[in-house]
Amino acid sequence: MTATLRSPRVIAVEQTLALAARSVRNTAREPGAWVPSIIFPLLMAAIYSAQFARATALPGFPEVDSFLQFILPAAILQGVSFNAGEAGSAMATDLQTGFFDRLAMSPSGRMSIFVGRLAGAATFSALLAATLVVVFWLAGAPVKGGVLAALAVVVISSLLALGIGGFSLAVGIRTGSTEATQAMFPLTFVMIFVSSAFFPTELMTGWYQQAAEINPFTLIVNPTRRIAIDGFDLSDFGQAVGVSLLVAAVSLGLSLMAYRARLRRS
Amino acid sequence: MDRTPLTTKATPVVARGLVRRFGDLVAVDGIDLEVAEGEVFGFLGPNGAGKSTTVRMLVTLLSPSAGTAEVAGFDVAREPNEVRRRIGVALQDAAIDPLMTGNELLRLQAIMHGLGGREAQRRCAELLERVGLTAAGDRRVGQYSGGMRRRLDLALALIHRPEVLFLDEPTTGLDPTSRQAVWEEVRLLNDEGTTVFLTTQYLEEADQLAGRIAIIDGGRIVREGDPATLKEAVGDPTLRLEVADGSNLDDAKAILETFGPPRPARVGRVAIGLRGGTAALATVIRALDDAGITVGHVEVDSPSLDDVFADATGRRLEGAGE
Amino acid sequence: MSAPTVQRSQPEVVTGVVPSLPVFGALMQRALRRFVRIPSLVVPTVVMPLFFITAFTGSFDGVSRIDGYPTDRLVNWVAAFAVLQSSAFAGIGAAAIMANDLENRFIDRLMVSPLRRSIVVLGPLGQAAVRALIPTSVVLLVAVAKGATLPGGVAGLAMVYLGGMGMAVVMGALGVGVVLMIGNIRAMAIVQVFGFVVLFPSTGQVPVQLMEGWLATVARYNPATALLATTRQGFLGPVTWSETWPGLLVLVVSSVLFGAFAVRQLQRLSR
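Chains as they are written, first to last, in the numbering used here: chain A, 1332 to 1597; chain B, 10 to 331; chain C, 209 to 479.
For the record, the hints were derived by calculation from the structure and aren't laboratory data. Predicted, not measured: the structure shown is a model, and the values here were computed from it. Errors might be hidden in some of the hints.
What the hints assert, rightly or not - Sample of chain A residues at the chain C side, in silico, Cβ under 10 Å:
1. A1457
2. M1515
3. E1533
4. L1534
Ideal Cβ positions, reconstructed from N, Cα and C, are used throughout, including at glycine.
Use the sequences and the hints to build the structure in full.
What follows is the structure in structure tokens.
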């Protein structure tokens, strides 16, 4: 057997890649899983940019060419959360079918299960973000900073998927129920609403404004939006990537905790 | 044909050339049935034979693709509500809402059959008592055992005192004790005059309960009649015999074969198809005795319904399905 | 209710379907009982409207400062939208009853009873209407807390409840129909998307005058806009017939259409 001669690290990487590929493949095979994550954000963006067009003239609204331009990060955020939220459901299914147990018994360890799943979500989110950037460009709201800025937006989007996917994984592992994991989605939706995604926090008031300002989504959306509108900026990129990674680390930690709790229970 | 009915009541179930197709699949392929008043009619067949589809047509849940059926004197397709008023139905899955209590379900069922007020209340209490669920009446059905559910289902089917009771596999999945309880209840109901149409995949159930049975296979009725006659029709019972030490088996064989054709038997035994059935047994023993042969062991196996089924279909029912 | 005359079980006498009113009452009672007995159904019915009214007013607070916005309090405009959105969800939830009945075959029990088929559909719809009282009231309470003055008075309040309950019935009927057509609970997601797609391109958040291009046209002819106007009378007042009848018409026509669709799907079960 050659497997015993290769280092566990190599096996882990291979397994992670295989699992990532599997998760991308499974998503692609089920149009019901990804079509809404493109159509839905586009629909919201179209409606909001038509009904809030005049809001861009309000004092306090950031300098933008159009509301459509403003709302690009929101569309991406929505699409990513739609899609990455499925990671947990898929994990719950793996738990139910016993596929998870089979993986967990393999030599490469558990991390590859999580990382593989999340890498799949990240890959898909990058594709999704790239698609949305192109559609917005065709609709007259290009990323101003050119290819580099657009690339930065795509990178941030895929990191964002790690965080959102990680939380969904944690719930999926903890509950082992696809239904409970899907019930998470409205919560993500609320989080997106109470952020700067659809409207600038500068124009909000009271506790709602305060809540929106400390929302991690705001901390990721704002620099991403500046990159899309004004062009690539290293400190903005750093902030968006930093916060995304932080969220991802926390959520992955929660997933591992949920996993350990599950091992203790069974 | 004689136009004046013999009794005032119509024949409980009459089906003529009943067919049900699902796309290309013919689930029920031209069935003729007649169930007489006051009998327990057993509809026996393996899973997928077309039992449930037939029942669903008779109880107005499914329209026939061809043919006609009358239940309690009304056409199932043209006057479904008349049929519904006169039948009680307990379907295979015990269609029950787990969030409701037994009492609530009975009350709902009463209202859905036009019973209200005191009468309904009295009837619900009476039926709960009858199926032994009075104590569980206020518990949610979701907490009931399989047997309790079936009993409740039976009570629900009886709320409006139906003329014909349809029971679709009433004991499938039940433990032996619960099965006995359901059987007792069916017998009691029949004694009270209710006509029962029962489908089952259990030979014993058909044997125990039904006065007349029809065997369905592949959507067609392959045998029909009362169980005893059907079994007899399959042929003579098998007689197997061993002789005691000191007696000659070949001698015994020679004598036995004057009473019926030989049948395969294991070494040390002789078997024949006993002409004249069990009644001929005494004569056989006497003949052996007269020849000085001492019988060591003798057994006579009557044909079972499974033999009837095997004879009709070339397959065995027992052990299949589940 | 007085007890009806006792009917002895003489099958020769009773014919046809049983009287519909008691059956409707019993089926609606069953549907409501189901709602109260599943906490996971109650919670979203309260939380959804809270979220909608809070998010619509919180996120887009600045919108009311746009020149030409019809009211200086955003809540007066978007509360009707929150009422319809959350009532739509409550109504679709009623279709879950049908999905459940299909799953555990309770539907067979209903179908072998001598009932008018339409009653089987009306039971869940009655529940939808009653259930919509919750989100409608929640939105009203939050709106008042946010400074809505309800100048429409009692008549205005009636319009708010009419809008909410009507919306729930319409979406419930569609939900029941689609559930029966598709045969499982997945149908609910389809109806939710449909509800969203119809409700969003409307005057829910801004009036037609402030919209650009295609949306202005869509919103103007969107039936949801008429229903919003009817409902909004409770928050902007006064109640007038000219603002009431279009929404009423939308409710009547769509509930009859979707209701007929649902009954048709129900009849299809036995084919």
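Do the hints match the structure? See the list:
The criterion of a C-beta within 10 Å of any C-beta in chain C is not met by A:A1457, whose closest approach is roughly 25 Å, and the hint is violated. Nearest Cβ of chain C to the Cβ of A:M1515: about 13 Å, over the 10 Å cut. The hint is violated. A cut of 10 Å between beta carbons decides the hint on A:E1533: the least distance to chain C is about 8 Å, and the hint holds. Annotation: interface hint on A:L1534 holds; nearest CB of chain C at approximately 3 Å, less than 10 Å.
Violated hints, listed in ascending order, are 1 and 2; each of the other numbered hints is respected by the structure.
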